[in-house]
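Student: On the provided structure of chain A, position chain B as indicated by the hints.
The primary structure of each chain is shown beneath.
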Amino acid sequence: MPTYEKILLKNMEMPGYTGLLADYERVGGYQALRKVLGKIAPADVTAMVTKSGLRGRGGAGFPTGVKWGFLPKDYTGPKYLCCNADESEPGTFKDRQLIERDPHQMLEGIAIACYAIGAETAYIYIRGEFSLGARILERALAEARAAGYVGTNVLRTGVNIDIWLHRGAGAYICGEETALLESLEGKRGLPRVKPPFPATHGLYSKPTVVNNVETLANLPYIVNRGPEWFASIGSPPKSTGTRVFCVSGHIKRPGNYEVPMGITFRELIFEHAGGMRSQKPLKAIIPGGASAAFFTPQHLDVKLDFESVAQAGSMLGSGGVTVMEEGTSMVWAALRLMEFFYHESCGKCSPCREGSSWLVQTLRRIINRRGRMEDLETLTDLCKNIAGRTVCAFGDAEIAPVLSTLQYWRDEYEELIRAAEPSGAAELVMPARH
Amino acid sequence: MLREKYKDEIEQILSRYPVRRSALLPLLWLAQTEEEYVTEAAMKEIAGILRITPPQVYEVVTFYTMFNLRPVGKFHIQVCKSLMCGLVGSDVLLGWLQARLGISPGQTTPDRLFTLSTVECLASCGTGPMMQINDEYYERVTEERVDRILADLKRDGTSPLKSGPFILPQLAGSEK
Chain A
1 MPTYEKILLK NMEMPGYTGL LADYERVGGY QALRKVLGKI APADVTAMVT KSGLRGRGGA
61 GFPTGVKWGF LPKDYTGPKY LCCNADESEP GTFKDRQLIE RDPHQMLEGI AIACYAIGAE
121 TAYIYIRGEF SLGARILERA LAEARAAGYV GTNVLRTGVN IDIWLHRGAG AYICGEETAL
181 LESLEGKRGL PRVKPPFPAT HGLYSKPTVV NNVETLANLP YIVNRGPEWF ASIGSPPKST
241 GTRVFCVSGH IKRPGNYEVP MGITFRELIF EHAGGMRSQK PLKAIIPGGA SAAFFTPQHL
301 DVKLDFESVA QAGSMLGSGG VTVMEEGTSM VWAALRLMEF FYHESCGKCS PCREGSSWLV
361 QTLRRIINRR GRMEDLETLT DLCKNIAGRT VCAFGDAEIA PVLSTLQYWR DEYEELIRAA
421 EPSGAAELVM PARH
Chain B
435 MLREKYKDEI EQILSRYPVR RSALLPLLWL AQTEEEYVTE AAMKEIAGIL RITPPQVYEV
495 VTFYTMFNLR PVGKFHIQVC KSLMCGLVGS DVLLGWLQAR LGISPGQTTP DRLFTLSTVE
555 CLASCGTGPM MQINDEYYER VTEERVDRIL ADLKRDGTSP LKSGPFILPQ LAGSEK
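Protein chains in written order, with this note's numbering: chain A, 1 to 434; chain B, 435 to 610.
Zero decoy hints are in this set.
Listed below are the simulated DSSO-like cross-link pairs for lysine-lysine, each with C-alpha atoms no more than 27 Å apart in a straight line: (1) A/Lys51 - A/Lys73; (2) B/Lys478 - A/Lys187; (3) A/Lys187 - B/Lys439; (4) B/Lys596 - A/Lys10.
Source of the hints: derived by calculation from the structure; they are not laboratory data.
With the rest of the complex left out, here is chain A:
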């Protein structure tokens, strides 16, 4: 099995590493912050990050340095950094590991980002269910404040960086950056119409950057080892660095694997994660979290980088790779994901709110042997009317599982419909929202 140098999981995989400040300092922790504060101009830090090619690890994959560069220049009022720790995409559990096992690594990244964009306040928006993660981060923040890495006059450089933890309370949509900002302002987490973008009108209508945990955790290493080093890892020039891929489903060794971008699904699934859990062959892969279109075994040699996965018709998304074995019903899998999206639709846009409910009802009807052939047309038609007609990307995300399973496994839908009870009237039962 090929082995690669790890960046983000390296510390925590050392025997006895606790994630406490003393351990983090022992492996060179907070040296990057010392290196930049007051010594490298903020604009040069941004340039360094742009040069590294680092792209967002939350799902959208936007270049981090470019995102920072959108903040208005010569603006002297307050700016904010928000760390998106609302990890909720089904199939994704990497940020949880980064938070619980090495909290100072992300805190140092947050401090560096604050300095680069000129923000004196950062909020870590952590999903409400991560109670353990929140306790671990609070302890780490207390350590970092006491050691002078966070707070006023950080390391006696005159730079102020306050970091506060803010717990969510159960809403997938708050991972969408503008919904996150609404939630942080004490409102329902409804995504905002864009433009204006958070770079100019973010938290409290002030210039704001929202970055994912894994994105921020990479920053200390980009500073310490240089953007050229980072840009040489993975699939340059567009997919640089490593990714922490979360492998789940019918797999022998489920878990997080940090590998350079650009290795194939075959290598990740069969070498790193040990292959299928039983004798049953692979049937389907979800390549990048619940919002990504399904792949088939024919896609095993697709490379795990942003461009390759997009070219093959899906997306690298959040890095959640789920494998399913032969015998798994793809209609059932699509329904399970659709039930998730139905439950989590925030309700702001009618196509998503109503469409998700109709998609669930139609899929349930087919599974309950009450489907009709024209239901397949209904499913496609519903998806088309959701696509591109919502304020945020949730609408495009929720149709991916339905459309892709229809594309690759239409025969399974047809088989269920042919097995429908001839007298069965269409079942019209509204599923409960909660």
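Tutor: Only chain B this time, still in chain A's reference frame:
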């Protein structure tokens, strides 16, 4: 009343934000921890503290699934039913719990010890099937573990089978 009991804590929370309303979720958490659910009185009081209207508090409480508007059992069992846990047996886990507790999702046992719910993805897809009980995760749950966990909770109010910090892949399967 929250204001008397948690005066310093509320001041500390308010000081983190330039806009008072941002303290809404933290104060609701405080209220829920105090009473196990968010009472109408608490919502009114929080509205007063933040200088917003009670409906503005109520609309937020009802948006987020973790806030309870009714009392729940002493132990709130929440089983992840999203696809990834579904692939590795969350329906079976739910069946075990229903059989042992004699209740369906959404119900509370007559002794008010256990409330059973199903929830969506808890970011524990590599260690399913799993459930959250109050603040703690329980991962890679087997039938035998269900019995031990329920017995532990009844007897001690907690269980050593709860998850610690994230299980590393090379240890997965060996930490039983």
